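Top to bottom, those sequences are chains V, S and H.
Going by the numbering used here, the residue at position 322 of the first sequence is 322; the numbering climbs one at a time, nothing skipped.
Going by the numbering used here, the residue at position 218 of the second sequence is 218; the numbering climbs one at a time, nothing skipped.
Going by the numbering used here, the residue at position 180 of the third sequence is 180; the numbering climbs one at a time, nothing skipped.
Everything labelled a hint here was simulated from the structure, so no lab data went into it.
Mixed in with the good hints there might be a few duds.
As the list claims (entries may be wrong) - Some chain S residues close to chain V (C-beta under 10 angstroms, calculated; not the full set):
1. 165
2. 253
3. 285
4. 305
What the hints assert, rightly or not - Output of the computed footprint for chain S on chain V, the stretches with three or more beta carbons under 8 angstroms from beta carbons of chain S:
5. 202 to 213
6. 234 to 247
7. 299 to 313
8. 357 to 371
These numbers come from a predicted model, not from an experiment.
All residues carry an ideal CB built from backbone N, CA and C; glycine is no exception.
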Amino acid sequence: MRFGFKWSLLAVLLVVVLAACTNTSTTAPTATASSGVSQAPGAQGTASQTSSVTGATSGRPAGAGLINGPYPGEARNLNGAGATFPAVLYTKWFSDYAQLTGVQINYQSIGSGGGIKAISDRTVDFGASDAPLTDEQLKAVKGGQLLHIPTTLGGVAVTYNIPGVSKQLKFTPETLSGIFLGTITKWNDPKLVADNPDAGLPGNNIVVVHRSDGSGTTNIFTDYLSNVSSDWKSKVGVGTSVNWPVGLGEKGNEGVSAGVKQNPNSIGYVEVIYAIQNKLGVGLLKNKAGNFVQPSTETVSEAAAGVAQSIAPDLRASIVNAPGANAYPIAGLTYILIYQQQTDKAKAIALTRMLWWGIHDGQKYTTELGYSPLPQEIVSKVEDKILSVTVNGQQAFPGK
Amino acid sequence: MDKIASGSRFAGGEDQGDKLFRWLVTGLAVGTIVLLALIIFLVFGDARSALLQFGLSFLTTAIWDPVAERFGALAFIYGTLVTSAVALLIAGPISVGAALFLTEYVPKWLREPLSFLIELLAVIPSIIYGLWGLFILAPLMRDAVEPFLQNTLGQVPVIGALFSGAILGRDMLIAGVILAIMILPTVTAVSREVLRAVPDTQREGMIALGATKWEMIQGAVLPYAKAGIAGASVLGLARALGETMAVTMVIGNSSSAISPSLFTPGYTMASAIANQFTEADSEMYFSALVAVALVLLLVAALVNVAARLLVWRVARGPQGSARL
Amino acid sequence: MEGSDITVGSGGALTRDQDGIWQRRRLVDVFMTVLITVSALIGVAVLLAILAYVVINGAPALNLDFFTQRPLPYGEVGGGVAPAILGTLYMLFVAGLIGVPIGVGTGIYLSEYAGTRLAPAVRFTIDLIAGLPSIVIGVFVWALLVRHLVGHFSGLAGSVALAIVMVPIITRTVEEVLRLVPGSLREAALALGVPRWRTILRVVLPTARSGVTTGVVLAMARAGGETAPLLLTSLGNQFFNTNLLQPMAALPVQIYNYASSPFADWHTKAWGGALVLIATIGVLSLVTRLATRGQRPG
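Use the sequences and the hints to build the structure in full.
Written as structure tokens, this is what we have:
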């Protein structure tokens, strides 16, 4: 039965191939190789650049509800790849956005490192990363000025699976870094028991699960550990991929949640939504103010509140170990990465429209999926960024 | 061979069409050589900066630190060798047994269906072994087999170290077992060809002398096929070395230092590339990964050549072209 | 070996002592018979275990949506893998367009022009390509097509990777089956004044038709299950895509993504995908096996 099905499909495909061969004009591989000479490499776009753009629109376009249907001349397909941290939100966005505008945005969650690499090599239309690029990485990109577009905020949950333990566990910076450094190896280690006296922690070995791929979640997590532990800072450091002292590696937030779920006595770190959807234990973390905090929309927003006013012009920011009384300590912004000078008009229009929709209309999806909406101060700064995107010297965003 | 003779006999009469056709197929054949050259050239080109930077220490150190950009592939090479060795230790004897069963024991009518079933194992895609390994084999190993090994063999001095440490459910032993299943059909099929190439006169001689079946096998068949069976095993090894998906899904993907225990999660060269390739976000990191691919390419080529030399020595001609 | 040599060689009348040796020899023989039988059974048992799990876990996933819908966002139950099935077929088709001519041509060269000095080098090359780990093929195609010629992840890059997987399989089979075509056939055609190229295309190839088809189908089956090179080349796509220059979904990659997710529904879909893949490949193998029965030795 399969056999016949397959061959008939093959026959159909022949027709499809012929059709597609005449329809490849939608993709125009960007051929211009050298990056723009006009900007010093690594120089950051600022809001003032917006005014220099010869835009068709005057004044600031409206926010939510502006994009409500297809736009003539925009590309029908976009490709993006990168972070798994916001993948839950992005696939939801792009599924709904396809219904709204007919633009199909293919997003593959291959990890933040992959997103950075893909946009640097220009093998995708946009990259996604939870880790802002380093100055060095910014110099290495091949398509000119790269913009960081924050899309949402999220917390990294410390998640565990210990059979027989139902009480929510508390972790301090010391115990958490100890576990991931391999100096705390058993669940009934006195340090852990001191914080969780009546949790009934067993004497089993701790199975550490970490990411095997280049990950922005890892970047946020190791940024936090480096912030709170000098041992971690000197031995491991911060990065999208690090040399893990202990544990087993799994690919993506999906892989780590699956690894924690399938291995008794394990601990891992994932974007909050992955822990919630998988009904895994989520640890309370001791923050800078000394309170044990649960990762939630509110506590993550509180972590971001402090940085919203003072954020750098290029919007690269770290919000780990934030000072607020209820600020959740392991949180971060996640970014979509695009080039400021676009080369394909149809794609540039589709891309800027999608981003505009995402930072306005798209924000309503954040809380239900376990993320936090962008603070208003950041949204207006992101608007400037989107408006600063040009194609052939013209503002790319069509204003509606 | 006759066609060459006929070709040369008619060589004078080669017309335009003949010439064109000859050039066409020669072009395609040469194309494959160009392809291989291009593969080696491109892989070497991208691996160059890592090889220049780290030199031989790339093969002798086990540090894989993308933050500090220090890379040494020893842990991956070790993982590849260990998992392949485990696979060969398990699959080798079973495959030779199965091949013997198929050539010496089984009634003729059952021979074909049975070998078809075993060969079917070879057409199952790697990803399905991975899926099965992840959801069926790994929990079984973690909950039953590995605790058993730890309580028995783990208590024996010296080799006990192989079965020590925490059982995580993703480790090199599980990867080895999956690989064993995957190379089983290869080693069985080639061993079977080799065994079939043993002349019947060898067998008849032993039987006539009153030997039992096993004595016949032991005395006349196996010595004759020894080199070929070794070749079959090396061919299996070649497959195990380069296997990617199934291993990636069960080995645990962790590049922490080399440990003697089979219960530690690790990386093979192939799984390291699969996991990290699209994510290597610095030039040196990328180059180091391609260098791993280069090492894997060279090792696989060497092992393949060795295997073919061994198999060819025993079974020549169309019968022996049991190439998989 | 040593013991058996002596006993067998000694011959003569059986004494009681030799009777005991005979008993032991019989025992060893029975023991080895059991061991060897068990070895063969292990192979079959593992196969059945894998097939059984794939069928049991995969069958619940199969419904109309599975074959016609595209994947849903994370954590939502439902949807299907239609883009992946279509993508795999599409890329296989294009890979065939590239790989079959090269494979068949090279096979003809190796069989019909075997006397040339180049032939051993080509044969060796084909062996080496066959031995390339598929992930290395992925690295190569990434470096050639994704980074340079096409400039981004694409179905075309995936097809080229699959074509490289297919070429050595086709070449070897074609060479082998063409060698089995009797030389007298060629001579008869040539004697009638038929040019050599027409002899090969009109007489030799058609005679070996079913063998050549087997090679192509086996290569397709093998390439259709490849995952590793596609991770680096065709990337994946959650939408339907028929544009070869865009990223394209493939069933094995989809299985991998679903298997490494934490969602039970996606696990079921991974098993369902595995069932579709294995059923297709199994049926293809069986059909080609039956079709070519008796034509090839073994």
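So, going through the hints one by one against the coordinates:
no.	hint	in the structure
1	165	holds, 9 angstroms
2	253	holds, 4 angstroms
3	285	holds, 8 angstroms
4	305	violated, 32 angstroms
5	202 to 213	holds (count 5)
6	234 to 247	holds (count 12)
7	299 to 313	violated (count 0)
8	357 to 371	violated (count 0)
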